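These protein sequence lines are chains A and B, in that order. Numbering follows the UniProt record's numbering, with no gaps: position 25 of the first sequence is 25. Numbering follows the UniProt record's numbering, with no gaps: position 398 of the second sequence is 398.
Note that these hints are calculated values from the structure, not bench results. Only a predicted model underlies this, so the values are computations on that prediction, with no experimental measurement involved. Some hints here could point you the wrong way.
[Claimed, not checked] Straight-line C-alpha distance at most 25 Å; calculated SDA-like pairs for lysine to any residue: (1) Lys-218(A) <-> Asp-331(B); (2) Lys-51(A) <-> Phe-194(A); (3) Lys-219(A) <-> Lys-246(B); (4) Lys-96(B) <-> Ser-393(A); (5) Lys-219(A) <-> Met-261(A); (6) Lys-394(B) <-> Asp-78(A); (7) Lys-394(B) <-> Gly-412(A); (8) Lys-295(B) <-> Gly-412(A); (9) Lys-340(A) <-> Arg-399(B); (10) Lys-130(A) <-> Ser-76(A); (11) Lys-130(B) <-> Glu-69(B); (12) Lys-95(A) <-> Leu-79(A); (13) Lys-276(A) <-> Ala-230(B); (14) Lys-30(A) <-> Lys-246(A); (15) Lys-130(B) <-> Ala-230(B); (16) Lys-150(B) <-> Leu-115(B); (17) Lys-276(B) <-> Asp-331(B); (18) Lys-87(A) <-> Arg-399(B); (19) Lys-276(A) <-> Gln-286(A); (20) Lys-92(B) <-> Arg-99(A); (21) Lys-219(B) <-> Ala-396(A); (22) Lys-33(B) <-> Asp-227(B); (23) Lys-218(B) <-> Glu-151(A); (24) Lys-246(A) <-> Lys-246(B); (25) Lys-130(B) <-> Asn-402(A); (26) Lys-394(A) <-> Leu-58(B); (27) Lys-39(A) <-> Lys-15(B); (28) Lys-241(B) <-> Val-427(A); (29) Lys-87(A) <-> Ile-116(B); (30) Lys-15(B) <-> Asn-41(A); (31) Lys-96(B) <-> Tyr-53(A); (32) Lys-39(A) <-> Lys-246(B); (33) Lys-33(A) <-> Asp-25(B); (34) Lys-29(A) <-> Lys-218(B); (35) Lys-92(A) <-> Glu-151(A); (36) Lys-218(A) <-> Lys-246(B); (37) Lys-92(B) <-> Lys-130(B); (38) Lys-96(A) <-> Asp-25(B); (39) Lys-340(A) <-> Ser-308(A); (40) Lys-246(B) <-> Pro-332(B).
2 protein chains.
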Amino acid sequence: MRIIDISKEKDFLNKLFDRSKLEMDEVNKKVDKIIWDVKQNGDKALKEYTKEYDGLMLENLLVSKEEMEEAIKNTSRDLLEDLTKAKENIMKFHKKQLRNSYSLYEEEDIILSQLIRPLERVGIYIPGGKAAYPSTVLMNAIPAKIAGVKEIVMITPPCPDGSIKPSILAAASIAGVDKIYKVGGAQGIAALAFGTESIPKVDKITGPGNIYVAMAKKKVSGYVGIDMIAGPSEILIIADKWANPKYIAADLISQAEHDEMAAAILVTDWEPMAYKVMEEIEVQLQTIDRKEIVKKSLENYGAIIVTSCMAESMDVVNAIGPEHLEILTRDPFEVYKGVKNAGAIFLGEYSPEAVGDYFAGPNHTLPTSSTSRFSSPLGVDDFIKKTSLIYYSKTALERSKNSIVRIAEEEGLTGHANSIRVRFGEVEL
Amino acid sequence: MRIIDISKEKDFLNKLFDRSKLEMDEVNKKVDKIIWDVKQNGDKALKEYTKEYDGLMLENLLVSKEEMEEAIKNTSRDLLEDLTKAKENIMKFHKKQLRNSYSLYEEEDIILSQLIRPLERVGIYIPGGKAAYPSTVLMNAIPAKIAGVKEIVMITPPCPDGSIKPSILAAASIAGVDKIYKVGGAQGIAALAFGTESIPKVDKITGPGNIYVAMAKKKVSGYVGIDMIAGPSEILIIADKWANPKYIAADLISQAEHDEMAAAILVTDWEPMAYKVMEEIEVQLQTIDRKEIVKKSLENYGAIIVTSCMAESMDVVNAIGPEHLEILTRDPFEVYKGVKNAGAIFLGEYSPEAVGDYFAGPNHTLPTSSTSRFSSPLGVDDFIKKTSLIYYSKTALERSKNSIVRIAEEEGLTGHANSIRVRFGEVEL
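One chain only, chain A, in its complex shape (with noise of 0.2 Å):
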């Protein structure tokens, strides 16, 4: 973790949001040969990268109903409570989202209509190992099923031995995932994408995962839909001198300890601040079990920024536009007003962002890399469409005629012009 003078390191920005960037030749050609041998030979190639990329050849892909009880029955009562309440609060936020298809009735004739319905069937990935979160499953499970998505299917890779971890199926249960299937990366994404033998073909695919992961799901995406493509997490705190040193050193770290690439960002208008943080960090760091990644993170992405002003402060957050924004001053609800762009934003000292990862209700997958500027939070939009609907009357038509003709032809497209005055027996032939 080290001071940075901003108007010196421009650099400093440019590398943060390059972090999201994929441009590696050998990965694309990787992935484009799995999504190839999946497309062709389906369940076969899967089962084959299974055992080349997880170490084991599986009989079935899918998790059966025994395996799902065995799960359950292997997760503390006190975490499936846990992760009850977390999906009643994220069920609270997210069905504010939920909206109606609309309809004008103009002039007793025309009736014009926006439809508003779920996706068919819809994809979820969610990655093993070390980054296997049951918060994620409920994250990305729950606003498709409000959505009223009428399938869900999960798909994840399997341990060496063939199990998956207990919680990850248990979050899946308690959030109504309909189907999960052990396959992870590329291979993965592309039979959601295109469907095999065994894994049904999906309308849109949702959740995070490695490189492979979101090369394959750019790959696919315009056959399937696909969320964002995001790049790796990212905390901005902003604090003044009434902030804890204590809360954003902790805060920093939890962000810092997802991988190496996270980036954890202090701005702070009061320099004592910078010291009192970093020292805090190397006194807290000594209780974390990743802190060989929470150190190289903070080595790579970590900085603090000193401002001279919360004015200058707030210019730093908002050419950032970061994923998750921290307010630690003595009036977030005054501040928060001139954040143009975040994922998430968190008021004051007792909302740290893990409230918001796990609990709270809003979605924790957000825009990354300053994507805030257009991109918006995963929700119920997410895993809806929209159709249009037209009916005008004969009169109605003929009401508009003259100047839906007019457009056409201005736009030198005289077939369209036909189709509207063939129905008043008015094209010459």
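Fit chain B to the given chain A structure using the hints.
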């Protein structure tokens, strides 16, 4: 135009969906070079490419006030009124899409909100030449305006004499576009994405374009937001024996005249309709300016599919998920309920596609190539961003702390757990 048996010609659907895939190496390399050049050399690069591709050296890229006034003077009063009426209809329909931010106040000490705010600055691409359509200006700019976007920038390639089609400028004025620049192609997209001396960087780019434009949009996506990459346009008409073959022929032609890649498809359960429509097309073709384009398009991607009953027709509709769907049957209001996937549905014989293209109010930018399975017409949603807001009081965090800590520990993220504990003096250092 020919009759195809969909059960035997499975390839037809694949051919249809594959029209939109951009996999051309040469275009790819050219676009990479152009984007790099514009990033390095700004306006200088823009002017050189404009010389190369549009055939003139420009002094100023910005369209002046005088040029705007001149353009409006050169547009007929009738057309100005038509475009204004269209604008009013588009506004009325899209205003219903506006949504408010919401907040949940839980147990008096938790606040959760979803803020909905407009994008700051948006760029709209409008093609030049034969595809310079004033309706495109309205359909892209008006939803942005309604969303509350602060600045709408439009770019479009100039004619060889340095002018822009008057009705394009008039439509921009009517729709409330803030600034217009004379630049097109991949260079224009690069300018909007990264900014140059004269063109400001935007947050999102929307609007149609040729393959260079589409490829450039795909490449800058992530640095800026983009709307869908639209494939060639398509119509599917579902007709029973009650339909008027003259209207069907006219509407198929109106789709086919867009370009040689456009697809016009009739699905009918009444075989004689197939022959009647083919005859009508031959007759009506004589009256069309773009006859050659229509012929080629119908040859390549035109098709009449004869089914044994309406239910089978509906299966074809849903397998294709067309951009435009016309229902020319005796009971369109019953039939549409069976439609799972479509961009826009036109009901009954006086609602030809052209009504929606220009005038009725719903957007004419619609999902193509079967992407209506998971994507939606352009609308106000495309010009807003959402941000989550989370406030927990000390007592609120205390009530939930055990749950949050337990989930964090299950995920192996002790830093997350500590960020909660540290606030209650529970981290042992």
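So, going through the hints one by one against the coordinates:
| no. | hint | in the structure |
| --- | --- | --- |
| 1 | Lys-218(A) <-> Asp-331(B) | violated, 41 Å |
| 2 | Lys-51(A) <-> Phe-194(A) | holds, 21 Å |
| 3 | Lys-219(A) <-> Lys-246(B) | violated, 42 Å |
| 4 | Lys-96(B) <-> Ser-393(A) | holds, 22 Å |
| 5 | Lys-219(A) <-> Met-261(A) | holds, 23 Å |
| 6 | Lys-394(B) <-> Asp-78(A) | holds, 22 Å |
| 7 | Lys-394(B) <-> Gly-412(A) | violated, 66 Å |
| 8 | Lys-295(B) <-> Gly-412(A) | holds, 17 Å |
| 9 | Lys-340(A) <-> Arg-399(B) | violated, 32 Å |
| 10 | Lys-130(A) <-> Ser-76(A) | holds, 19 Å |
| 11 | Lys-130(B) <-> Glu-69(B) | holds, 23 Å |
| 12 | Lys-95(A) <-> Leu-79(A) | holds, 24 Å |
| 13 | Lys-276(A) <-> Ala-230(B) | violated, 53 Å |
| 14 | Lys-30(A) <-> Lys-246(A) | violated, 45 Å |
| 15 | Lys-130(B) <-> Ala-230(B) | holds, 18 Å |
| 16 | Lys-150(B) <-> Leu-115(B) | holds, 17 Å |
| 17 | Lys-276(B) <-> Asp-331(B) | holds, 21 Å |
| 18 | Lys-87(A) <-> Arg-399(B) | holds, 16 Å |
| 19 | Lys-276(A) <-> Gln-286(A) | holds, 17 Å |
| 20 | Lys-92(B) <-> Arg-99(A) | holds, 18 Å |
| 21 | Lys-219(B) <-> Ala-396(A) | violated, 43 Å |
| 22 | Lys-33(B) <-> Asp-227(B) | holds, 23 Å |
| 23 | Lys-218(B) <-> Glu-151(A) | violated, 30 Å |
| 24 | Lys-246(A) <-> Lys-246(B) | violated, 77 Å |
| 25 | Lys-130(B) <-> Asn-402(A) | holds, 22 Å |
| 26 | Lys-394(A) <-> Leu-58(B) | violated, 49 Å |
| 27 | Lys-39(A) <-> Lys-15(B) | holds, 17 Å |
| 28 | Lys-241(B) <-> Val-427(A) | holds, 23 Å |
| 29 | Lys-87(A) <-> Ile-116(B) | holds, 23 Å |
| 30 | Lys-15(B) <-> Asn-41(A) | holds, 21 Å |
| 31 | Lys-96(B) <-> Tyr-53(A) | violated, 50 Å |
| 32 | Lys-39(A) <-> Lys-246(B) | violated, 43 Å |
| 33 | Lys-33(A) <-> Asp-25(B) | holds, 18 Å |
| 34 | Lys-29(A) <-> Lys-218(B) | holds, 19 Å |
| 35 | Lys-92(A) <-> Glu-151(A) | holds, 21 Å |
| 36 | Lys-218(A) <-> Lys-246(B) | violated, 44 Å |
| 37 | Lys-92(B) <-> Lys-130(B) | violated, 29 Å |
| 38 | Lys-96(A) <-> Asp-25(B) | violated, 46 Å |
| 39 | Lys-340(A) <-> Ser-308(A) | holds, 20 Å |
| 40 | Lys-246(B) <-> Pro-332(B) | holds, 18 Å |
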